[in-house]
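Single-letter residue listing:
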Amino acid sequence: MGLLVLFVVAVGAAWWYIGHRPAPIGDTIAVYYTKTDGATLAPWRVSLGPARDRTSVAFYAATQCIAGPPPGTPAVRFPAGSRVLHVDVAGSNATVDLSHDVAGNSPQGSFAEAAEFKALVWTLTQPAFGITSVSVRVDGSRVATLPGGHLELDDPLTRASF
Amino acid sequence: MTRSRVRPFKRLGAVALLLALLGGTAGAQQQPLLWFQGTRLIFEHAAAEHGELAVSTGDGGLRRFLDRLGATLAFEPQSRYVIVTSQDRRTIVFSIGDPSYTVDGVRLRAAFAARTEGPDAVLPFFALARALYVEAVPAGAETVLQPRLGALDVRADGTRTFVTVRAAMPLLTTTNADSAERLQLTFTGQGSSLAAARRPAGGAVEEIDVAVGGTPRVPTTTVTLAGAPGTTHRIVAGDGPDTITIIFEPRADLAQAPPSPSAPPAEGGAVPTATPPLVAGRSTVTDLAITQTSDDALSVRLTLSAAAAFEWHRLLDHRWYLDLANTTLTGPGRDEHPSFGAVASVRVRQTGTSDAPSVRVAFTLSGEQQIAIEPDATGLTIVVTNVASVDPERIGYGRTGGPPVVPSAVAEEPSPSPAPWKFEPGSGSSTIVIDPGHGGDDTGTAHNGLVEKTLTLDIARRLRALLAAQGWTVRLTRDSDIDPVSNQNLAQMRADGKPNADDRAYLQTRCDVANAAGARLFISIHANSAPFASARGTTFYWFKPQDLAFAQALERSVIPVAGTQDDGTRHENFYVVRHTTMPAVLIETAFVTNPADAELLHQPSFLQNMAQGIANGVRAFAGTPSASSLSAQ
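Line by line, the protein sequences give chains A and B.
The numbering of the first sequence is the numbering used here, which starts it at 759 and goes up by one.
The numbering of the second sequence is the numbering used here, which starts it at 18 and goes up by one.
Derived by calculation from the structure, the hints in this document are not laboratory data.
A few of these clues could be false.
[Stated by the list, open to error] Distance ranges between label pairs, derived from CB positions:
hint, chain 1, residue 1, chain 2, residue 2, range
1, B, A212, A, T786, 28 to 38 Å
2, B, Q95, A, S899, 15 to 25 Å
3, A, F765, B, N532, 51 to 61 Å
4, B, A197, A, S864, 50 to 60 Å
5, A, D846, B, A228, 50 to 60 Å
6, A, S899, B, S362, 24 to 34 Å
7, B, A394, A, D785, 53 to 63 Å
8, A, A771, B, A637, 49 to 59 Å
9, B, D334, A, S864, 24 to 34 Å
10, A, S864, B, S311, 29 to 39 Å
11, A, A838, B, L189, 48 to 58 Å
Bear in mind that the values here come from a model prediction, so they are computed numbers and not experimental data.
Note that CB positions come from ideal geometry on N, CA and C, so glycine has one too.
Bound conformation, chain B alone (with noise of 0.2 Å):
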């Protein structure tokens, strides 16, 4: 193997760099000018070799380029792996040994194999950097490291037809729709490893071109996407801002037959439309109306027969709309363009199919005017407000009020099987231990105005108040915002070398609250957080055998009344579950993540109505305190 090494490449032109690459072999002893979104990069130990650049996973210049990528590496010498994975979570998997390499588990292979070389793996750039949808493009005496389009899928669901564009850097794009069918996209500072012209057989897309622009330095690419006639578009967020979706479905007010005049009348003499046909358990819009509530607002209100889950979008040009599940219009739908300078116009319509029909409110806006979702009991009302909005927000869920229609996700897992364990009502100490979770410098989670240290003192404190009411005698491990420690158990665990004995410490206080004073319950409570904002509901947390039975009955008791999804519970190696020594229950009442549980915390009802629901579980589990415990207190 022939092999050249210049450590640290002073000056290197790029055609040295192509002759290298066309060779085959090294004997490039200049400095590649690799120039990177508008600056250089330099590698600290880098060669030329075998027609590629072998880089090492030690090299600064390489982690700044992953860094920019938004990219992670992953190699230690023990193993025989080199893990990179990209930003949009791709893995890029480089074997010691093999010139074989694998994107996503398709093999692909190198001009050389990757190698160790000390503490470090030495990779072939070229090949890494086009996995990561970066290419070298020759521009002048330079070459530029391009990022690129690097994939385009489609998937076709039902009637509809999913556009996933995929890009190694955060995507710039500008829209332009001539009609429902046809979209353009263009893209800049991007080019493009797609196929120039691409017609997926069926579904809702006929035809996908692709051109490139601009200059390597600063290409454009441009995507134009025709449908199939009768479809119309949307564009969805993606999973990442390197990635756009865009959605073409069959347009609702073609694919809506026109009713028959032989049609018998609907519920409630509403006209009727070719709407899906009413399903029990499904919701209907039994009112819509569109009014200017003042100067400055309009409001859609609909009225609906039961609970029903929404989501809503907000788009780059100024459209924003909402689609309510499993949900049907019994009346015609709406278009409306209201004398209102915020709003171009309204239009509401039955979207979706007969088996998932739903309901979309969609606006057209005269710029990124605020909206406000107010989920209530009986419906949804929109307002927007002629006021520019500020909410980076382009994506939000939530769900009105009124009967569930939609079960609760199940598990598959199956939860390990305790060994029976059955409380005494009556029996034992009097005192229950409340636990605040979090407090002090520790905050627990915090979204959507709501912090978590705060919310579980205020329903800590309301449960205090109940339970005392029973008779209980009750203890909070926190009375203020403190993270409660004692300093014996600090300077124990430190004295033992525990890990991590500060938190370790903080943690065990709490459990020894409980457990000296011989509690008969421990209930922690806490606020959930999850990485996206669909997750609600409230989940109860046990570890023990003897805590299933107590977690039931709170499960049993809070869900009604604060009428929450319901999570189940769940047997998790929470700290202070594990370690205390009486029955003990940790509740996440509800996620300071999901708009309508959000907006539920927000409720002092609602953290009295989850007080109330915890304190009747307490009184089904463990009765009331029994004469002979409290005077034995």
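Next up, chain A with everything else stripped away, as it sits in the complex (with noise of 0.2 Å):
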């Protein structure tokens, strides 16, 4: 009887974890950027390297959301000079620290800061990476808000936060 309680268990843990795992990382994945609308995310397609751990493919769709799409596509677009400085990937939480270029040179107003980063928490969460939250840091330090800025980054951003 035990066995078989023991057995029920493992089967039904199976099925949980086998049911709860994200898909597996393929050849290519999405990256959103918003168009100029301010509002509707539209996904182009970049093909990954070799690695597929979720720290760098984290890193790789950041910084690909932070460069924008293709020359040409109307979007709104990070600042110039914005850089992902740092990735980690903690169970569904990715921590990124961004350089303080994203602030721009001057206060950019809700509808670039919104639009910026809906794209970038978009991007990070699609389910193949088992994340649903990003906290946001600048240049290391968790922040508020950017400088003169609306949209507060101290707590974890979701798709549901826009």
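Two chains, two separate frames, one set of hints: put the complex together.
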């Protein structure tokens, strides 16, 4: 009887794991950008190198998102010079450290700010990554908002934040 | 693997470098004399390797090289990707341990695989440079890193063909057009990696020839574009200074069929032409007048039947034009050569297609004359003044007044569905808190002679008067040019170790004003900006479920009174709407970066209308304060 219970528990655990583990990351991933209406998201696909570990892929995806879609694509883009300094993935949360250039030379206004971070969060929270929330750092520090900004960046952002 | 390293290089001839490049193995012990943009490029940690040059991402020389090109590099040891983003936003990706790399998704192979070395990565430099459109060219005993035209994209769009040239560095361009169909562009300081000749199939461009001259240090590339018979060309701004786009399209005067003798008279008795048929919702030029208004000014007045969006361009060769979208001419075009020194010619033409007609007003100027665009409720006036322009802008957008004809953009993303929340008019506090955004050192956004903190305070004061007249007790989070902060908040948040405690304390203080007062409503007033001029309109941001109905009420009331484009209500994680406990909305009244919106924001009457619209929305949402709530205050 004990063995049977153990067997049932093991099968149940295996079933739960298979059902909840992220789908494997393929050869390409979607990277989102926000169209010039400031609200509509659109994806483009980029191909991955051999590294498929979550941290490498999240770093890759975040950097591609900050770079923006191919030239000529109308998009709300992060300010020039913006870089991803570090990405750390722990559980279902990714912490993305961005260079201070994301604030631009002067306050950007809520339009660009919301559009940029919406694209970043949607890029990193695609199901295959197993990431559901994104914590933002700027030059290594936690911030309440960008300077003169509106979007609260202290708490992790999710797709529901937008 | 054979590798040699000299740290730092002192002297290494280009011959040795080229030997190393051709030999396929290392062994070069001398320093390569690399020249880039007139100066020597010196690497601190570099090694010849497999015919390449291995350079560390931590090398100051590499950083300087990337900085000159406007490129950025992202790498961290935990990640196995090194990503370089070019100024024109192409990505070059090296994978640690993989000799292949990608340039905007196209896979290429380098001489060796990128690898980590301590906290840095080591990359094949010449492969990276080539991806950034920079080629190593022997020049005697030296090697010149020559910026080049790296891409020439040809894209057909209906009857038009777009030709885009991308280069490593900002383009210094000379244009020469011996006819409308033929354009020659000379790029000084840029070599070329482009094919010498190209014949695009179909489209408005028949042939593209590329010729390279000059010296390795100062190369010159000439691109000659031959359009199909009956086409004309125009140059438009590219994505950045290192990009240029040329559009070839059918000439409007040839594309139009001659008027039919049997055609019925057009409305208003105008002479019929082959203009596209009038379409409901489309704007029409009902009158056109070109007059010299003074010794120094010439004006072109277009009277329109409905609102129209417009876009203008100032070309480098002193031509200037404005396109009115979705607009038709009722009469023939005009071609005038006024006796006005600043303007050689004025042309007004029907352009575009029958589905998307546009009207173009084009000036050939004698220099960089000042041009003012004055949209109003019934049309548009363009005034050319015989004064040298100091306006660096070469492109702009705007909109005339009148009934809108273009619907606002439709977002594909569904908004989250908040739980239903019902506000009960007449209940609760009679206090409303208005938050004029920014203030003090935090100026907010500033463009077109407008400063956000000043605008927000102006509208807030007007709104205060209107709401007070409705019977509300009104508090402002600031009533002067300060960024309000409570010392208690500052001290508390610093003591709690809150991130960026100061910024947080400032925003929380604004929320505390409303929360402590038990306010009925919270209205935060802002002015928006965007990285491009076309974004415009009014947006109503909300976060909590109880905010949505208030945002919708304000949207319904503000848009008709203010006359701005309705950008809708949007759910965003904005601090002040999130941390207030009552229905709260952050209103971005208009874009200071959009010429038409900026024009409105300069007008006190618009600021008053905006305040009136908000006051109307408050009344629609919350009614007026009840006698009971007043007596309870």
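Hints and how they fare:
no.	hint	result
1	B/A212 / A/T786: 28 to 38 Å	29 Å, holds
2	B/Q95 / A/S899: 15 to 25 Å	19 Å, holds
3	A/F765 / B/N532: 51 to 61 Å	56 Å, holds
4	B/A197 / A/S864: 50 to 60 Å	42 Å, violated
5	A/D846 / B/A228: 50 to 60 Å	52 Å, holds
6	A/S899 / B/S362: 24 to 34 Å	58 Å, violated
7	B/A394 / A/D785: 53 to 63 Å	56 Å, holds
8	A/A771 / B/A637: 49 to 59 Å	56 Å, holds
9	B/D334 / A/S864: 24 to 34 Å	33 Å, holds
10	A/S864 / B/S311: 29 to 39 Å	38 Å, holds
11	A/A838 / B/L189: 48 to 58 Å	20 Å, violated
Comparing the model with each numbered hint stated earlier shows that hints 4, 6, 11 do not hold.
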